[in-house]
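J.: So the protein sequences, as listed, match chains A and B.
Okay, so the first sequence: first residue is 1 according to my numbering, each after it adds one.
Okay, so the second sequence: first residue is 1001 according to my numbering, each after it adds one.
Don't read these hints as lab results, they were simulated from the structure.
All residues carry an ideal CB built from backbone N, CA and C; glycine is no exception.
Be careful, since some hints might not be right.
[Unchecked claim] Derived SDA-like pairs (lysine to any residue); straight-line CA-CA distance at most 25 Å:
| hint | chain 1 | residue 1 | chain 2 | residue 2 |
| --- | --- | --- | --- | --- |
| 1 | A | Lys105 | B | Lys1463 |
| 2 | A | Lys74 | B | Ile1464 |
| 3 | B | Lys1534 | A | Met84 |
| 4 | B | Lys1477 | A | Leu64 |
| 5 | B | Lys1365 | A | Arg29 |
| 6 | A | Lys74 | B | Ile1144 |
| 7 | A | Lys102 | B | Glu1473 |
| 8 | A | Lys4 | B | Lys1365 |
| 9 | A | Lys74 | B | Ala1544 |
| 10 | B | Lys1426 | A | Gln82 |
| 11 | A | Lys77 | B | Asp1114 |
| 12 | A | Lys102 | B | Ile1464 |
[Unchecked claim] One side only, chain B facing chain A, incomplete, derived with CB under 10 Å:
| hint | residue |
| --- | --- |
| 13 | Pro1106 |
| 14 | Met1109 |
| 15 | Arg1111 |
| 16 | Leu1323 |
| 17 | Ala1360 |
| 18 | Val1383 |
| 19 | Ile1387 |
| 20 | Gly1453 |
| 21 | Leu1468 |
| 22 | Gln1470 |
[As the list claims (entries may be wrong)] Derived Cβ-Cβ restraints for the label pairs, each shown as a range:
| hint | chain 1 | residue 1 | chain 2 | residue 2 | range |
| --- | --- | --- | --- | --- | --- |
| 23 | A | Gln82 | B | Glu1462 | 46 to 56 Å |
| 24 | A | Gln82 | B | Asp1491 | 39 to 49 Å |
| 25 | B | Tyr1337 | A | Asp99 | 44 to 54 Å |
| 26 | A | Gln98 | B | Lys1014 | 50 to 60 Å |
| 27 | B | Asp1491 | A | Glu97 | 25 to 35 Å |
| 28 | B | Arg1018 | A | Gln98 | 36 to 46 Å |
| 29 | B | Leu1092 | A | Arg132 | 48 to 58 Å |
| 30 | A | Met69 | B | Glu1380 | 41 to 51 Å |
| 31 | A | Gln82 | B | Asn1531 | 40 to 50 Å |
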Amino acid sequence: MDKKIRVLVAKAGLDGHDRGAKVVAATFRDAGFEVIYTGLRQTAEMIVKAAIQEDVDVIALSVLSGAHMTIFPKVLKLMKEQGMDDVLLTGGGIMGEQDMHKLQKMGVGRLFGPGSSLTEAVAYIKDWYTSRRKK
Amino acid sequence: MSDGKQKWQEAQLKAPTRNAKFITASGEAVEILGTPDMLKDFDYDRDLSYPGQFPYTRGIHPNMYRGRLWTMRQFAGFGTPQDTNQRFKYLLKNGQTGLSVAFDLPTLMGRDADDPLSEGEVGVCGVSISSLKDMEVLFDGIPIERVSTSMTINSPAMILLAFYVAIAEKQGVSLDKVRGTIQNDILKEYIAQKEYIYPPAPSMRIIVDMIEYCTEHLPQWNTISISGYHIREAGSTAAQELAFTLADGFAYIEAAMERGLDIDSFAPRLSFFFNSHNDFFEEIAKFRAARRIYAKRMRDKYGAKNERSWLLRFHTQTAGCTLTAQQPENNIVRVAYQALAGVLGGTQSLHTNSMDETLALPSEKAVKIALRTQQILAYETGVAHTIDPLAGSYFIEDLTNKMERKAEEYFRKIEDLGGVIPAIEKGFFQREIARAAYQYQNEIERKDRYIVGVNAFQDENEKIEIPLLQISEQVEKQQVSKLKKLRQERDNEQVNHCLDALKKAAENDLNLMPKLIACAKAYATIGEMINTLKEVFGEYVEPAEF
């Protein structure tokens, strides 16, 4: 049997808006992923540590407070320091296209803004996982 | 069944039906037609009565909007206190009648601008306030005797109130003339918005302290705005919003009564805050049911004798979660319908969202259109000329009754769990809301529910062409350096002395309000006051469930 894709759904910083993170976590679980949810108010350090401990394939970060340009780069930097090159950092929240492009240039995966389809998010992670294993 | 009804029933069942789910925004089946047999037990005087009369189903004032229109109150705040001060002056100049302050996340969480966890959040989703110094700038040139101010803040609410009291004194306004509202609704933070700091028990004590203080010193101040808005935004159904909000309200009332306060001394200053979502009739039924349930409980269960204690006064905000990032101009139309539902539901004040809010904080142009939407509603459509025009509609009265019954069922469930706080600790509300949010999203994914521009009628290659408000990184730098300066220039001995007195009051169950006002005047920061109280009260951590 195939190994389940392991995803850490994470909320960082002071932002408490967890509707999206919870809906995404439940969707991933129903899609057959192994989901770990961090709960609220995690620092970048805590998130990366949890990702290592739980040996996840994907970190899905939810930021709705406008602090995405601070939090995503921080998590990404720590992941690089830890040599987590085979882990995908993706996420979603309220962020403009320009910011999304900037983050993707830095090495963050696809980002999902308001109105995104969950089916697409699931497909994206599955595709990423399959293509990574082919390497 | 009458002949006519039978004939109609057969005919409508035979008629071809379009392929759609006929459910409300909350996923409830909708009756195809209102009929007299839905209201067999209907008693006009008992169930509706006249506006301004018990149980206030039709409204709380005898002449409603003919006396005074609803207050048009746009929530605003971003960047530095100077930035928001300018936006306030702009809104007042454009005919807005009350102020409503949006704070940034560090302020909402009781952290100073230079706290490590504040990095990247300063001034981003609201105005940054760390001390009375910032508050002085925020209200510079605004005579608070002439405006009413609403402050959306919860965990550090009593600190912001202490700042406001200090401002009033500086402007020479006597406290009995100070008008406004502070959200101060901590229960819905545990339930939905998650901006809590302390555990529930000390948080409730703080709120009762504030009620006690305001009842004596600030008679025109609304002490809690008991909020369903965030519960709905977190994904609840309309009935859950109604039931959980009222249950929270009753929990505050019981806590204040346990302190020995007379219900009629504080209940008239409690107000409510509801969401106005997409489903037009469901929302109107919710507002009407809320007034009726509240009046009955206040009079019959809690024994309030003052008629003003029976009145459920409420603010409405259109539903932020219904706005779409795609084709954002369509949001103007959504907001207009939602605002109409609020007005037909008898709201006392209204915030209309701006079309660009799923993308960023609203631009000046978007805010102006949102305000103009209310003005068109008030001055052009004629809906404010008459009161509760949907009353007596079989469909609406049936929907109102169903809303009330569903709320009562939830009240029983909450009671079985031991009350609101035990239900929070058991994760009951959080699970109910998460389940409803998941179901709603699945309806969209399956296209059982259409969202125009999102899963239907999409524009391919859409380019968004509305100006977005950008918050400069300079805001954080400025706020941090101002704070550094403040810490150097103030009398630090005095600050420490005030913080010690605050801690002692917390330990000895004394009312915290006077101590906080003293701290505020000594220019102690929010973070210093919050952390002092953390030493006594501890911090709350929620179990991570989904």
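J.: Hints first: check each against the structure and report whether it holds.
T.: Now the hints, each set against the structure:
1. A:Lys105 to B:Lys1463: 21 Å, holds
2. A:Lys74 to B:Ile1464: 29 Å, violated
3. B:Lys1534 to A:Met84: Distance ~37 Å between Lys1534 of chain B and Met84 of chain A Cα, so the pair is violated.
4. B:Lys1477 to A:Leu64: Distance ~22 Å between Lys1477 of chain B and Leu64 of chain A Cα, so the pair holds.
5. B:Lys1365 to A:Arg29: 42 Å, violated
6. A:Lys74 to B:Ile1144: 42 Å, violated
7. A:Lys102 to B:Glu1473: 16 Å, holds
8. A:Lys4 to B:Lys1365: 49 Å, violated
9. A:Lys74 to B:Ala1544: This hinted pair holds, its Cα atoms lying about 23 Å apart.
10. B:Lys1426 to A:Gln82: 37 Å, violated
11. A:Lys77 to B:Asp1114: OK: Lys77 of chain A and Asp1114 of chain B at ~22 Å, within 25 Å.
12. A:Lys102 to B:Ile1464: Holds: Lys102 of chain A and Ile1464 of chain B sit about 18 Å apart, inside 25 Å.
13. Pro1106: OK, holds: Pro1106 of chain B within 10 Å of chain A, min 7 Å.
14. Met1109: 5 Å, holds
15. Arg1111: 7 Å, holds
16. Leu1323: Hint on Leu1323 of chain B: holds, closest Cβ of chain A at ~8 Å, below 10 Å.
17. Ala1360: Since chain A brings a Cβ to about 7 Å from Ala1360 of chain B, closer than 10 Å, the hint holds.
18. Val1383: 31 Å, violated
19. Ile1387: Nearest chain A Cβ about 36 Å off; hint violated.
20. Gly1453: Status holds, d = 8 Å.
21. Leu1468: Because about 6 Å separates Leu1468 of chain B from the closest Cβ in chain A, which is inside the 10 Å limit, the hint holds.
22. Gln1470: Gln1470 of chain B check passes; min Cβ-Cβ to chain A is 9 Å, inside 10 Å.
23. A:Gln82 to B:Glu1462: 46 to 56 Å: Violated - the Cβ-Cβ distance for Gln82 of chain A and Glu1462 of chain B, about 39 Å, lies outside 46 to 56 Å.
24. A:Gln82 to B:Asp1491: 39 to 49 Å: The hint (39 to 49 Å, Cβ to Cβ) holds, given that Gln82 of chain A and Asp1491 of chain B are roughly 47 Å apart.
25. B:Tyr1337 to A:Asp99: 44 to 54 Å: 31 Å, violated
26. A:Gln98 to B:Lys1014: 50 to 60 Å: 55 Å, holds
27. B:Asp1491 to A:Glu97: 25 to 35 Å: At roughly 49 Å between Cβ atoms, Glu97 of chain A and Asp1491 of chain B fall outside 25 to 35 Å, so the hint is violated.
28. B:Arg1018 to A:Gln98: 36 to 46 Å: 41 Å, holds
29. B:Leu1092 to A:Arg132: 48 to 58 Å: Taking Cβ atoms as reference, Leu1092 of chain B and Arg132 of chain A lie about 56 Å apart, which means the hint holds.
30. A:Met69 to B:Glu1380: 41 to 51 Å: 42 Å, holds
31. A:Gln82 to B:Asn1531: 40 to 50 Å: Taking Cβ atoms as reference, Gln82 of chain A and Asn1531 of chain B lie about 32 Å apart, which means the hint is violated.
In this structure, the earlier hints numbered 2, 3, 5, 6, 8, 10, 18, 19, 23, 25, 27 and 31 are contradicted, and the remaining ones agree with it.
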